[in-house]
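Chemist: The primary structure of each chain is shown beneath.
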Amino acid sequence: MHSLDEARGAPLARSDSAAPARRPTASAGFGSPGSDSTVRRIDLNDALIRHPQASYVMRAAGGAMTDAGIDDGDVLLVDRAIRPASGHVVIAVVDSELTCRRLSHHDGATVLRAASPGHPDVLIGPDRPLEVWGVVTHVIKSLLS
Amino acid sequence: MFGLLDANNFYVSCERCFEPRMAGRPVVVLSANDGACIARSNEAKDLGVRMAQPFFQVRHLVRTAGLVAVSANFELYADMSSRMMDIADRYAPDVVPYSIDEAFLQMAGLRGDLVAIGRDLRATVLRETGLPTSVGFAPTMTLAKLANHVAKTAERQPGAYPAHLTQVCDFATLSRAALDRVFAATDVGAVWGVGTQIGARLVASGVRTVLDLVRCDAAALRRQFSVVLEKTLLELRGTPCLRLDEAPAAKQQILVSRSFGQAVTSADGITEAVSEFASRAAEKLRDQASAARSIAVFFTTSPFRPHDRQHSVHVVTPLARPSADTRLLVAAAVRTVRTNFRDGFNYAKAGVTLIDLQPARLQQGELDLRSPGTAEAPHGTGRDRPQLMATIDALNRRYGRDSIHIGSAALASHGEEVRIWATKQERRSPRVTTRWDEMRVVRA
Chain A
1 MHSLDEARGA PLARSDSAAP ARRPTASAGF GSPGSDSTVR RIDLNDALIR HPQASYVMRA
61 AGGAMTDAGI DDGDVLLVDR AIRPASGHVV IAVVDSELTC RRLSHHDGAT VLRAASPGHP
121 DVLIGPDRPL EVWGVVTHVI KSLLS
Chain B
146 MFGLLDANNF YVSCERCFEP RMAGRPVVVL SANDGACIAR SNEAKDLGVR MAQPFFQVRH
206 LVRTAGLVAV SANFELYADM SSRMMDIADR YAPDVVPYSI DEAFLQMAGL RGDLVAIGRD
266 LRATVLRETG LPTSVGFAPT MTLAKLANHV AKTAERQPGA YPAHLTQVCD FATLSRAALD
326 RVFAATDVGA VWGVGTQIGA RLVASGVRTV LDLVRCDAAA LRRQFSVVLE KTLLELRGTP
386 CLRLDEAPAA KQQILVSRSF GQAVTSADGI TEAVSEFASR AAEKLRDQAS AARSIAVFFT
446 TSPFRPHDRQ HSVHVVTPLA RPSADTRLLV AAAVRTVRTN FRDGFNYAKA GVTLIDLQPA
506 RLQQGELDLR SPGTAEAPHG TGRDRPQLMA TIDALNRRYG RDSIHIGSAA LASHGEEVRI
566 WATKQERRSP RVTTRWDEMR VVRA
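Taken in order, these protein sequences are the chains called A and B. Sequential numbering of the first sequence, starting at 1, is according to this note's numbering. Sequential numbering of the second sequence, starting at 146, is according to this note's numbering.
It should be emphasised that the hints constitute simulated quantities derived from the structure, not laboratory data. Check the hints yourself; a few may be wrong.
Some chain A residues judged to face chain B by a derived CB distance under 7 Å, without partners named [what the hints assert, rightly or not]: (1) Q53; (2) L98; (3) C100.
Glycine included, each C-beta is placed from N, C-alpha and C at the ideal position.
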């Protein structure tokens with residue numbers, strides 16, 4: 001059994017603003033819920049990626065960001081559509097290398113801070129302009145080896 | 146009004162997005178088998194590297210001038226292209242990809258300052274993909290192409306054009322006199338549709354600049370050259386002769402696409418449409434005696450139905466060898482649909498572009514180790530069958546389009562005939578956006 005909308009072959013109206021999934025429709029009779037295509041399984045793309053055209057996946061190598069929750073080998077979701085702001089973990093170009101650091105604007109100074117002891121911060125200045133490649137939005141860690 | 150969005154040195158720019166070391170250095174991208182330079186950075190152009198120049202002729206520049214040479218990474222380029230096209234979709238009600246790195250935008254009905262819109266589009270593409278682009282606007286497609294050329298050249302050669310035309314150029318903002326000065330500063334060969342041969346003939350008859358061409362007598366031009374060139378002339382004078390869906394085939398690509406009257410939601414529906422487009426594109430391909438090295442397929446929802454969930458697919462499949470065979474091209478297109486289709490979307494538009502074309506007679510034989518065909522049974526060999534194709538074309542001409550067409554369902558099961566890129570590419574960069582095990586590593 002399908003909803004009346006579908007039975008008439010009319011396209012489902014999508015006027016509701018939420019609209020991420022098909023609007024659940026009331027079904028009459030004893031239709032099999034299993035054959036109803038109005039439910040949608042959680043899609044990690046929808047949940048984690050706000051700007052698909054601007055999103056990239058990268059892998060971290062090194063231990064300079066462990067206190068920010070980023071360990072060697074972790075997978076990073078990087079969004080280039082987000083405007084970098086102080087406090088964001090970013091991918092920046094440092095000495096021509098893509099480098100993961102925390103961006104900090106403080107007391108008029110811009111610094112790319114490591115998040116682990118023993119790793120130097122990178123001070124942004126006239127001889128070293130800030131070049132942010134993208135903003136890290138999520139970290140994926142594999143707990144199985 | 147039309148817009149033309151075009152990425153600068155597209156393949157090189159894609160490589161640079163993920164490799165900051167390449168910034169500011171001369172870079173070339175090499176063709177299959179690393180034979181020829183098919184894309185050059187501005188620095189490589191300044192070193193004198195020519196388009197399609199064999200790599201062995203410039204190999205010494207790697208040592209002497211720091212030239213970086215990489216193999217073509219078509220998966221990366223296809224994905225970056227798709228990102229760029231999707232962003233363009235936000236800015237215009239109709240976007241038609243014209244090749245992997247450029248798209249026409251239909252700007253009719255949009256209010257506001259086009260230059261501001263163009264700058265915003267350019268900035269967004271740059272921010273979200275890292276790709277530098279140029280944008281041209283004008284009342285006709287031919288003029289939009291030219292405006293794009295001006296925007297690009299003004300940036301690359303400061304002083305060639307007024308500085309305010311750099312990166313984004315809207316001809317409609319120029320006075321008649323200013324436009325004439327731009328035309329006078331532009332070689333006639335830069336006009337879309339004027340090829341090398343016609344260009345040389347025009348120059349020989351004293352028509353050197355675009356301004357010279359615009360001042361030609363239309364009827365005389367038609368007699369001396371062709372109706373096509375007359376149309377070009379009319380378009381340069383601001384009279385639209387081309388519509389978005391009938392862009393003339395550039396030398397390097399053939400596009401067949403269509404917006405659906407009613408949303409298509411099923412894989413079968415998209416498969417059917419894309420098969421038809423691939424067949425028609427293949428026919429056009431044979432008409433001009435070419436073969437394609439890659440086939441691009443796209444299908445997309447409409448960003449102008451904001452309550453719909455959005456999804457768009459643009460995939461370029463390199464063919465194992467150049468082909469003009471409907472069966473192979475349809476099979477490749479169908480496979481793209483089968484792999485990328487997602488349920489639950491209202492698809493509004495689809496298309497097929499045959500790209501990277503070459504003359505059909507250059508077709509190479511190859512040792513085929515994967516198919517079971519024999520000399521006696523050539524069906525399985527994956528070779529083009531020109532006679533069969535000629536017969537189909539003749540029948541369709543005589544009895545009307547689609548009297549004979551390729552059954553997609555049957556072909557899908559022979560998908561293995563179309564093999565993914567399998568040539569030698571020693572210097573290819575990782576496919577960082579399409580392969581999980583090749584993602585870019587960053588220092589942390």
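Chemist: So, for every hint listed, does it hold in this structure?
Modeler: We went through each hint and held it up to the structure:
At its closest, the beta carbon of Q53(A) sits 4 Å from a beta carbon of chain B; the interface hint therefore holds under the 7 Å criterion. Evaluation of the L98(A) hint against chain B yields a held restraint, the C-beta minimum of about 4 Å falling below 7 Å. Here the hint on C100(A) is kept, as its CB sits about 4 Å from the closest CB of chain B, short of 7 Å.
The structure meets every hint from the earlier list without exception.
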